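Colleague: Quick note, in my numbering, the sequence shown goes up one by one and the last residue is 1483.
Worth flagging that the hints you see were computed from the coordinates, not collected in a lab.
Wrong hints could be hidden among the right ones.
Said to hold, decoys possible - Quick list of in silico lysine-lysine cross-link-like pairs, DSBU-like style, CA-CA up to 35 Å:
| hint | residue 1 | residue 2 |
| --- | --- | --- |
| 1 | 1340 | 1409 |
| 2 | 1096 | 1279 |
| 3 | 1423 | 1263 |
| 4 | 1096 | 1328 |
| 5 | 1194 | 1096 |
Since the model is a prediction, treat every value here as computed from it, not as a measurement.
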Amino acid sequence: MFEGKYDVVVVGGGHAGAEAAAAAANMGSKTLLVTMNLQTIGQMSCNPAMGGIAKGQIVREIDALGGYSGIVSDESAIQFKMLNRSKGPAMWSPRVQSDRMLFAQKWRTMLEQTPNLDFYQDMINDILVEGGRITGVVTSLGIPIKAKSVVLTNGTFLNGLIHIGEKNFGGGRAGEKASHGLTDSLEQMGFESGRMKTGTPPRVDGRSLNFDLMEEQPGDEQPGTFSYTQTIPLKQQRSCHITYTTPEVHDLLREGFDRSPMFNGSIQSTGPRYCPSIEDKINRFADKSRHQIFVEPEGWDTVEVYVNGFSTSLPEDIQYSALRSVKGFEKVKFFRPGYAIEYDYFPPTQLKSSLETKLIDGLFFAGQINGTTGYEEAASQGLMAGINAHLKINEKEPFVLKRNEAYIGVLIDDLITKGTEEPYRMFTSRAEYRTLLRQDNADLRLTPISFKLGLAGTERMKAVEKKELQTESTINFFKTQSYLPAQINPILMQRESAPVKQSDKLSKILARPKLRREDLADLPALKTFLSENGIDDIVLEQAEIQIKYAGYIQKEIVNANKLSRLDHIKIPDDFDYDVLASLSHEAKEKLNYIKPTNLSQASRISGINPSDISVLLVSLGR
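Go ahead and model the full structure; you've got the sequences and the hints to work with.
Modeller: Below, the structure written as structure tokens:
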């Protein structure tokens, strides 16, 4: 049925699997995407949105590297919002509300238009290994599929168990069956597995809600886009809304606690710390009288609404009665109740920095199988696994992003170095170089790297080169163009900034905290420069950020360079830590388990202290 051998077989068609398949195929590998349901490729299992705090930066990075998530998000968006505008640019995070059905449709279309990519619908319940190397997979029908490399992106489907109150049943997502057999197969080969839990809120009929009683949350007046390609910003948008729970709602929810799988022992696995269920919130934060509910439309042409902030596995009657007590939800009609889901994952410390498993050559894990939560985290892992699967079979060095190069680098390094015992979510606080890793410069940071890999195309590279040159030219203009006090003082007074007594360069004015590029828009010299050089606002914003935050940016570059010295001190794969008497027992145990590739990674392992690093430095002849 399958003639010959595929270069890359991707198992699972969620966000991780879709990006992995696209990356491998676009780099030239003969690729097969195997999924349990071809109609749910790119399915948004939880909320209908992409991006947000730190997650928006990841989507930008995926796009800069040549992935599809940014384009799909832009073409299926119903609202765009740049979060944290009141803070510094390191915190700005783009987010879109998506049309759920359109999102999956766009993903399917883009994948079908990708050369070198085949599709097959079936469950994979075993892998084929010879001499410690992957050779293929086996479907539930017993069909072997030969492959040089395999990427597993199984999401929440591995032995998935759905909980609603005291009821539970097998499933990987509402209305879809779980995947069985693969966990056992991997465990027999020596892999360690665990269980995690996540949840989702009820979906309700928007026609039954009173939005007049809620706070409207419109999109940005001038919406942007995720992708650095020529995707078109929205001309009209759909609003979200905010409402709140009350003490009455909390009391109604507590009535079902004795039937809650969270509290009666039915669920013992760990759920996401930063996206807890509503019952978990009122139990852990008993002092809070209310919790926010973010009401999200599911698309342009549907009345279905997602009740963000009300994730729950309580009995459906409790869910219903409690939600009816929320302002605006008095007459709510359910489309479906919320539920919790337990699933198997594999602690990511079993992976190399390329996301290849340490146990089996050519086998890669990406997405929730690694203990992460979130579309964006999954998609970025899929992209990296797809790239590295292609590089592996072509006997090339793996592609690894450092912590000072991308949020994706932070994510993967955290996973493989520290592991995770709860669903891992990305935050800006996890990145020590977040001033460098802004959403506005992801293309400048990553597209040249992707272009060298052969993933990002010539058009993307030309656009980046143009942006870079125009940014440099604009910065130079501000540094060399002088102003007159009579010109600038009215602007300064309007912004309550101290007036000037003599002429100086425009860059010094723009560097002031209260001044923005918009304030200088009417200066004749600036207007002429922008017009004559075809400088758009994206370039002008980039120049403004680099001028305003030059000191902070330079400081982070210096710090990153200092720490990167340890990156260059490689540790051999067969290094024997046991012979180092000065190392603590804990250090030996951790280092033998993680097997770091360099001293920098070793220094970030939990339980490794500076004296251990000093011992390693000496033993490595440094």
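Colleague: Take the hints in turn and mark each one as holding or not.
Modeller: Now for the hints, and whether the structure bears them out:
The straight-line distance between the Cα atoms of residue 1340 and residue 1409 is roughly 12 Å, inside the 35 Å bound, and the hint therefore holds. Taken as a hint, the residue 1096 and residue 1279 pair is broken in the structure, with Cα atoms around 44 Å apart against an allowance of 35 Å. Note on residue 1423 and residue 1263: the hinted pairing holds, with a Cα-Cα distance of about 14 Å set against a maximum of 35 Å. The straight-line distance between the Cα atoms of residue 1096 and residue 1328 is roughly 25 Å, inside the 35 Å bound, and the hint therefore holds.
For a cut-off of 35 Å, the pair hint linking residue 1194 to residue 1096 stands: about 31 Å separates their Cα positions.
Of the hints listed earlier, the one the structure fails to meet is number 2.
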